[in-house]
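**Student:** Residue numbers (my numbering), protein chains in the order written: chain R, 379 to 498; chain F, 84 to 304; chain Y, 2 to 342.
If you are wondering where the hints come from, they were derived from the structure by calculation, not from laboratory data. Each hint should be verified, as a subset may be incorrect.
Said to hold, decoys possible - Not everything, but these chain R residues come out facing chain F in the computed CB check (under 8 Å): (1) 386; (2) 405; (3) 408; (4) 424; (5) 433; (6) 471; (7) 472; (8) 477; (9) 480.
Unchecked claim - Listed below are the simulated DSBU-like cross-link pairs for lysine-lysine, each with C-alpha atoms no more than 30 Å apart in a straight line: (10) 246(Y) / 176(F); (11) 266(F) / 246(Y); (12) 164(F) / 149(F); (13) 198(Y) / 107(F); (14) 246(Y) / 291(Y).
To be verified - Across the chosen pairs, the derived CB separations fall in these ranges: (15) 461(R) / 153(F): 49 to 57 Å; (16) 145(F) / 252(Y): 42 to 50 Å; (17) 317(Y) / 153(F): 33 to 41 Å; (18) 109(Y) / 98(F): 38 to 46 Å; (19) 317(Y) / 233(F): 34 to 42 Å; (20) 109(Y) / 213(F): 52 to 60 Å; (21) 246(Y) / 477(R): 52 to 60 Å; (22) 168(F) / 339(Y): 47 to 55 Å; (23) 477(R) / 207(F): 52 to 60 Å; (24) 98(F) / 322(Y): 24 to 32 Å; (25) 122(F) / 77(Y): 26 to 34 Å.
Because the structure is a prediction, the values reported are computed rather than measured. Each residue gets a CB set at the ideal place from its N, CA and C atoms; glycine is no exception.
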Amino acid sequence: MLDGLLTAFVIGGLICVLAQLIIELTPYSITPAHILVCYVVGGAVLSGLGWYQPLVDFAGAGATVPLSGFGHMLVQGVFEAVGEEGLKGVFTGGLTASAFGITVALMMGFLVAMIFDPKG
Amino acid sequence: MEQEQKQALEQAMQSREKRIRNLKEMDATELESILIELREEHQHLVSLEADCADAAEAGYYRQLIKQNQNQSTLVQKKRDKIYQKQIKTVTPKAPLMKNIGRAFLVGGLICAFGQLIINSVMLQYGLDFKEAAPFASITIVIIASLLTGIGVYDEIGRYGGAGSMVPISGFANSVVSAALEFKREGMIYGIGAKIFQIAGPVILYGTLASVIIGLIYYVMG
Amino acid sequence: MGRRIGARALLFDNPVGIRSWATAAGRKEAGGKLGQQFDFIINHNQFGEKSWERAEQKMQQYALELALEKAGLYGHQLDFFLGGDLLNQIIATSYTARTVGAPYFGLYGACSSLAEGMILGSCLLDGGFGKRAAVCTSSHHDAAERQLRYPTEMGVQRTLSAQWTVTGSGAYILDCAPCEWSITGALPGRIVDRGIKNSSDMGSAMAAAAVDTICAWLEDMNDLEQLDYIITGDLGKIGYEICRKQLLEQGYDVIDKYFDCGMQIYHAEDQDVHAGGSGCGCSAVVLGAKYLPLMAQKSRSRLLLVGTGALLSPLTVQQGETIPGIAHAVLIEYRQGGVTC
Numbered sequence: 379m380l381d382g383l384l385t386a387f388v389i390g391g392l393i394c395v396l397a398q399l400i401i402e403l404t405p406y407s408i409t410p411a412h413i414l415v416c417y418v419v420g421g422a423v424l425s426g427l428g429w430y431q432p433l434v435d436f437a438g439a440g441a442t443v444p445l446s447g448f449g450h451m452l453v454q455g456v457f458e459a460v461g462e463e464g465l466k467g468v469f470t471g472g473l474t475a476s477a478f479g480i481t482v483a484l485m486m487g488f489l490v491a492m493i494f495d496p497k498g
Numbered sequence: 084m085e086q087e088q089k090q091a092l093e094q095a096m097q098s099r100e101k102r103i104r105n106l107k108e109m110d111a112t113e114l115e116s117i118l119i120e121l122r123e124e125h126q127h128l129v130s131l132e133a134d135c136a137d138a139a140e141a142g143y144y145r146q147l148i149k150q151n152q153n154q155s156t157l158v159q160k161k162r163d164k165i166y167q168k169q170i171k172t173v174t175p176k177a178p179l180m181k182n183i184g185r186a187f188l189v190g191g192l193i194c195a196f197g198q199l200i201i202n203s204v205m206l207q208y209g210l211d212f213k214e215a216a217p218f219a220s221i222t223i224v225i226i227a228s229l230l231t232g233i234g235v236y237d238e239i240g241r242y243g244g245a246g247s248m249v250p251i252s253g254f255a256n257s258v259v260s261a262a263l264e265f266k267r268e269g270m271i272y273g274i275g276a277k278i279f280q281i282a283g284p285v286i287l288y289g290t291l292a293s294v295i296i297g298l299i300y301y302v303m304g
Numbered sequence: 002m003g004r005r006i007g008a009r010a011l012l013f014d015n016p017v018g019i020r021s022w023a024t025a026a027g028r029k030e031a032g033g034k035l036g037q038q039f040d041f042i043i044n045h046n047q048f049g050e051k052s053w054e055r056a057e058q059k060m061q062q063y064a065l066e067l068a069l070e071k072a073g074l075y076g077h078q079l080d081f082f083l084g085g086d087l088l089n090q091i092i093a094t095s096y097t098a099r100t101v102g103a104p105y106f107g108l109y110g111a112c113s114s115l116a117e118g119m120i121l122g123s124c125l126l127d128g129g130f131g132k133r134a135a136v137c138t139s140s141h142h143d144a145a146e147r148q149l150r151y152p153t154e155m156g157v158q159r160t161l162s163a164q165w166t167v168t169g170s171g172a173y174i175l176d177c178a179p180c181e182w183s184i185t186g187a188l189p190g191r192i193v194d195r196g197i198k199n200s201s202d203m204g205s206a207m208a209a210a211a212v213d214t215i216c217a218w219l220e221d222m223n224d225l226e227q228l229d230y231i232i233t234g235d236l237g238k239i240g241y242e243i244c245r246k247q248l249l250e251q252g253y254d255v256i257d258k259y260f261d262c263g264m265q266i267y268h269a270e271d272q273d274v275h276a277g278g279s280g281c282g283c284s285a286v287v288l289g290a291k292y293l294p295l296m297a298q299k300s301r302s303r304l305l306l307v308g309t310g311a312l313l314s315p316l317t318v319q320q321g322e323t324i325p326g327i328a329h330a331v332l333i334e335y336r337q338g339g340v341t342c
């Protein structure tokens with residue numbers, strides 16, 4: 379039950395620390411949105427190079443929960459779809475694989491906005 | 084007559100260029116006086132351009148105005164340098180180690196929580212890691228959304244910094260907080276349009292990257 | 002009629018009295034250094050309204066009505082209403098003006114709007130165009146935050162140079178009748194842009210303008226000895242340091258009389274506000290809740306209010322443009338028993 383919890387904690391934490399370092403050590407013009415985009419694209423590139431999967435194998439949620447895992451998921455989805463459907467898969471694979479995450483986030487966004495008011 | 088005027092303008096421009104090159108940042112009064120000179124010349128040039136009958140002539144003055152503006156920028160940069168250095172000396176340094184420690188703690192805890200869910204789902208339903216991972220993401224997204232709704236996630240973010248931003252919970256927070264903030268502008272232009280304020284770029288560039296990488300993968304077989 | 006002293010300073014021959022004033026502020030502000038000294042405390046940031054914007058407008062209206070009540074006036078008896086806020090197109094003030102029914106000038110000087118309004122109001126009254134005017138400005142933390150930065154519920158860390166927009170509003174009733182407090186001089190500011198682009202560091206963007214205005218004032222008036230207070234609007238800790246340093250470089254030692262409203266409102270450490278308060282409401286509430294009463298401790302005192310504004314637009318910040326700063330100075334004098342004007 380507690381297998382891999384510590385590695386997930388350490389690797390996940392380190393991935394976040396890297397982002398914190400980027401924020402602290404770069405000019406103010408690097409905003410949270412830039413970081414999020416960099417992580418998704420970075421995760422996608424690492425995944426394309428075949429370097430992210432070993433990290434997932436090692437750290438589990440420590441590698442899939444950060445947004446770089448989102449990029450990894452997109453690319454793995456594309457790879458799988460290309461294997462099955464060829465060229466068409468290039469365009470369908472990414473969003474298909476990540477559909478659950480985006481859909482849940484949008485749904486929750488809508489629901490929460492309906493129920494709650496911003497507290498400020 | 085007109086030719087002479089043009090020559091005088093060009094000469095003034097060139098000699099000023101030299102003056103600016105040689106100026107030190109400290110010559111505050113000199114820098115100010117050049118700036119005033121440049122402003123006056125700019126006004127003069129604009130009126131000359133406006134008076135031009137043919138396009139080539141106007142283009143000539145546009146060129147001079149461009150030069151004038153470049154010189155202004157140069158002088159302003161020189162003037163502002165000392166000030167900007169001074170700002171650096173009084174701006175407090177962010178507590179780097181503290182922020183890193185907090186990011187590590189918060190980010191790590193969120194990931195460990197995800198691992199806990201994956202483990203229990205794998206155990207309960209006999210799934211493998213790949214099938215179980217989405218359950219963790221969905222649970223984290225739902226919890227982070229609710230925490231955003233009750234106004235807690237922004238406090239976590241203030242504490243954890245990147246630690247609460249980089250995990251998928253930060254993505255959920257950016258979606259939900261935008262939708263929540265703009266609900267008063269209505270369902271379409273408020274929630275509907277603004278929900279993608281931060282999430283939009285993430286999805287856009289993530290998808291683009293996956294397509295490009297996918298194409299390379301396809302071509303290389 | 003007024004006079005011009007030196008290059009830029011204005012003196013009013015008929016000092017314009019500050020007949021009354023009122024301040025309204027939010028709960029965070031009430032938990033700060035000034036505590037319960039505001040006339041009205043808004044315990045919830047929504048103030049019973051359906052949006053932050055409406056809450057800001059209501060707060061402004063409350064401040065104005067409280068000030069009018071103290072002066073024994075009604076809005077329609079005003080000859081002029083001047084004001085501004087931080088919302089797009091200064092909409093909160095325009096809605097307040099809708100309820101006032103007096104001739105209205107909407108001003109945008111960002112956080113310098115109060116000083117800007119005081120200067121223009123004094124000019125109007127000193128020029129004999131009216132007897133009474135109200136100046137009112139406001140800002141609302143959450144309304145400003147969502148407009149200029151991120152959604153309020155988004156978990157982002159603020160940098161140490163960032164300031165906290167004050168939820169607060171101050172209204173001042175200017176009157177051509179004998180008053181203890183009066184506006185006797187002013188110095189309108191120039192735009193000073195030192196190439197600062199970071200919208201989380203507005204103190205630095207404004208400090209240069211504050212230095213320009215204060216130096217111009219001291220050069221024209223040469224009255225540093227007579228001034229009891231010089232207060233800048235909302236430079237925050239960083240801007241304050243720069244301003245103090247630069248004034249010293251110019252040969253003006255202001256250390257014992259120079260304060261910044263942004264640093265006087267919150268407990269910097271406990272309230273997590275980093276560099277201090279900011280916003281149109283900042284100088285408006287600190288002046289009314291702290292400095293004007295403080296002036297009455299002596300039988301005569303002089304205060305130079307330097308309203309500072311960072312005239313940025315969120316659009317041009319994203320386009321990478323620099324932030325123009327401005328600072329308007331207003332000389333406020335206190336005389337026990339009042340003066341005739």
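**Student:** Output the numbers, in ascending order, of every earlier hint that fails for this structure.
**Tutor:** 2, 3, 4, 5, 8, 11, 17, 23 and 25
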